[in-house]
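Protein chains: 2
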Amino acid sequence: MSELAMLALHEQIEEEGGYVIATYYLETGRGADIVKKISAIAVEQTTGTWVPVPEETPEMREKHVAKVVGIYEVPGHEFEVPGNLEARQFIFQLAYPAVNFGPQIPMLLSTVIGNISMSGKLKLLDLKFPKSFLKSFKGPKFGTQGIRELLGIPERPLLNNMIKPCTGYTPEVGARLFSQAIRGGVDIVKDDELIADPPFCPMVERVKLYMAEARRYYEETGNKVLYTVNITDRADKVKENAKRALDAGANALMINYLTAGITALQSLAEDPEINVPILAHLDFAGTMYESPYSGLSSYLILGKLARLAGADIVVYPSPFGKFPFLRERYLQIGHHLLGKWLHFKPTFPMPGGGVMPAVVPAIIRDLGKDCILGAGGAIHGHPMGPVAGGKAMRQAIDAALQGIPIREAAEQHPELKSAIEAWGLMEDEEQALFEIKQ
Amino acid sequence: MSELAMLALHEQIEEEGGYVIATYYLETGRGADIVKKISAIAVEQTTGTWVPVPEETPEMREKHVAKVVGIYEVPGHEFEVPGNLEARQFIFQLAYPAVNFGPQIPMLLSTVIGNISMSGKLKLLDLKFPKSFLKSFKGPKFGTQGIRELLGIPERPLLNNMIKPCTGYTPEVGARLFSQAIRGGVDIVKDDELIADPPFCPMVERVKLYMAEARRYYEETGNKVLYTVNITDRADKVKENAKRALDAGANALMINYLTAGITALQSLAEDPEINVPILAHLDFAGTMYESPYSGLSSYLILGKLARLAGADIVVYPSPFGKFPFLRERYLQIGHHLLGKWLHFKPTFPMPGGGVMPAVVPAIIRDLGKDCILGAGGAIHGHPMGPVAGGKAMRQAIDAALQGIPIREAAEQHPELKSAIEAWGLMEDEEQALFEIKQ
Chain A
0 MSELAMLALH EQIEEEGGYV IATYYLETGR GADIVKKISA IAVEQTTGTW VPVPEETPEM
60 REKHVAKVVG IYEVPGHEFE VPGNLEARQF IFQLAYPAVN FGPQIPMLLS TVIGNISMSG
120 KLKLLDLKFP KSFLKSFKGP KFGTQGIREL LGIPERPLLN NMIKPCTGYT PEVGARLFSQ
180 AIRGGVDIVK DDELIADPPF CPMVERVKLY MAEARRYYEE TGNKVLYTVN ITDRADKVKE
240 NAKRALDAGA NALMINYLTA GITALQSLAE DPEINVPILA HLDFAGTMYE SPYSGLSSYL
300 ILGKLARLAG ADIVVYPSPF GKFPFLRERY LQIGHHLLGK WLHFKPTFPM PGGGVMPAVV
360 PAIIRDLGKD CILGAGGAIH GHPMGPVAGG KAMRQAIDAA LQGIPIREAA EQHPELKSAI
420 EAWGLMEDEE QALFEIKQ
Chain B
0 MSELAMLALH EQIEEEGGYV IATYYLETGR GADIVKKISA IAVEQTTGTW VPVPEETPEM
60 REKHVAKVVG IYEVPGHEFE VPGNLEARQF IFQLAYPAVN FGPQIPMLLS TVIGNISMSG
120 KLKLLDLKFP KSFLKSFKGP KFGTQGIREL LGIPERPLLN NMIKPCTGYT PEVGARLFSQ
180 AIRGGVDIVK DDELIADPPF CPMVERVKLY MAEARRYYEE TGNKVLYTVN ITDRADKVKE
240 NAKRALDAGA NALMINYLTA GITALQSLAE DPEINVPILA HLDFAGTMYE SPYSGLSSYL
300 ILGKLARLAG ADIVVYPSPF GKFPFLRERY LQIGHHLLGK WLHFKPTFPM PGGGVMPAVV
360 PAIIRDLGKD CILGAGGAIH GHPMGPVAGG KAMRQAIDAA LQGIPIREAA EQHPELKSAI
420 EAWGLMEDEE QALFEIKQ
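For the protein sequence lines, the chains are A and B, in the order given.
Using numbering that gives the first Met the number 0, read the first sequence as starting at 0 and increasing by one per residue.
Using numbering that gives the first Met the number 0, read the second sequence as starting at 0 and increasing by one per residue.
It is possible that part of the hints are untrue.
Identical copies go unnamed one by one, so any copy, or any two together, can satisfy a pair.
Straight-line alpha carbon distances no greater than 20 Å define the calculated PhoX-like cross-link-like pairs of lysine-lysine that follow [to be verified]:
(1) K36 - K321
(2) K62 - K242
(3) K321 - K35
If you are wondering where the hints come from, they were derived from the structure by calculation, not from laboratory data.
What you are looking at is a predicted structure, and each value in this text was computed from that prediction instead of being measured.
For reference, chain A alone in the conformation it holds in the complex (with noise of 0.2 Å):
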């Protein structure tokens, strides 16, 4: 065994609670010696080079150096290789000393996906964290509980409503779509993630007139809404905008928290003058996870550290949209949003990107009642204007949480009537509202 395996493979780790592990993916040639290859990456990531050099010192090794916990070949070749066979893959894990980076996000990824993301096929699936890295983060500051006593809903799956179009228009264009998207029973209103502060619709200008249309209905109805204004800006004017939002009146913010930066998400939440709830956009995400091969997963960049970093609302690509994506991962994402995880808020799931009505049933029943029904194109795009595709959306939720199937709740509704005339119903419906019921 060469020397480099010799100091990274470690069979028991000391000290468990200082290590965060890391799973990756790898393919490598048919050739390839895969015990010195992943302790090689072990050692680069962590203390050594490509050269030994004098003072990493054995002492230093042992406190420093990323672990080899594992490696798994997939399959799990035991007689022979088959002789075709030109990569192998392999499933293997990491224990990086928390020490070395500390509890931040940047030194974090520079460590476990740094300069390795730059080896070929190889991406990082997911990280596990000791408590002591943990808590230090404070993660979402209301999450779904904190969000629901802020709109007085305790229990029903809520509508959000991206405006459409996406940008182009007007604050007083705008408002006109806010106020018909929360007369049709919207929740939460969100800016699209392509409008921020353009000259032709300034933010100041929209949080104004928008949060008039939310007292304004609320002085008639007694409802309450969200808008989450888009204040994504570079890393040092997030703040700045934040704050100018909070003076004009917004009751909550929404950032594109992977081109401003991760943590300038985290900075926004963790900061005690920024009291109302964060809504994380996921653009930008599939430039780090689509590939099989390389990148990270979007269990991570969209569950795991968007949550650590604070988001209270995290919007990811639904699997019956427009976006291709992977029912398991939406899953997976999902539940670990809502799940028991230390001391952090559970942060609501909110599914977008062609949710419509037909879909409410399946993704009710996928994630249960907290979760946030993103819908853009089928409330300002319904047959019968943006009022009724709110209450078409909102009609589909009540008909799934009680067990009702949408095509006979819309006999009743003529708004969900045009909404799956426009647009169809979903094959598996009858099965998702089945589940419901379970």
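With the hints as your guide, set chain B onto chain A.
What follows is chain B alone, placed relative to chain A:
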């Protein structure tokens, strides 16, 4: 032609100055309607969604929709699509109205590779910006010339050393390595990307001890050196770290700009109170560029966007070292960083990752004298120690500039001889030297 296509397809674009032109790779199934598909992308990433919405008026579309500039099949089938072809490949170009996102990188990225990053096999290859967009960016504060003036080295390729081990050492050990590196003739010492401000090696302590070494060296020899201290942290702490480093005497900064956020780099570069050069480290870049089918090109991430955001030095993969990286990509990035581009000062390309004396002629041939040779292990892992490691690199630089083969120069220089005995020579060194002389 579909309505979508009609609104997006434009042979002639008005107001050419106002558009960002994005070039993409796309793979589709054999049967896809390519014009419809690309028009849908153009609409989706600007004004519209999967269904028409009322406020998406013709006037608004004309002003804000992305225009399809070109669709080019690869190869350019004319009389038939070969019968056995399952997938078709295209290069296409969209022109996005810059007014939609304004002069900021996050909203630019959300627009040009935001949600569409999750569309399967689609990769952003290039962006061309209008002058009106670029004039809002300052670019590098020092650039190649500014760094040369700080160091008092008008012409020679510069030598950088990454301190190795990467992490796990104390400031005192680091200071000893620093001192050895500069005494070997290193011009710029950088932290490894894996060390920022851990408890066992606090950043401020490092700066104080290293800069004391630099002063001592200057008093002894009259030679100046820069130390790029790694201030990577969450976005809202980066500037605070920068100020702490500067207060402690730092004369340069380093940031892992892709994990800290590219605009964290920009916010440093454009801060008038930060008057030192900034080195941008590439780690994490592979998560976005490694797939040939998704994400965005290394040329954008490590080239254009880094220079736009104000990097004075960009560390990026050498094709001769430990990361697999095409020579074409390395040349494209290096030549962009150094090329004329409006008011932006040139950025120093610094190829790294396994750089050793043997590859020096090839790098100087490829990039010219305005490059920084980034050597980590080749200095600290040199058989005769780090001082000899630095000397061997400087001897290789001098030999290359004089057109003397490394093997021949090694006869005069035991340090260089030892390095090539340990790590060998490059095959095409003669060719590289020939081309330097031309």
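A quick look at each hint next to the structure:
1. K36 - K321: between (40 Å within a copy, 12 Å between copies)
2. K62 - K242: neither (43 Å within a copy, 31 Å between copies)
3. K321 - K35: between (43 Å within a copy, 15 Å between copies)
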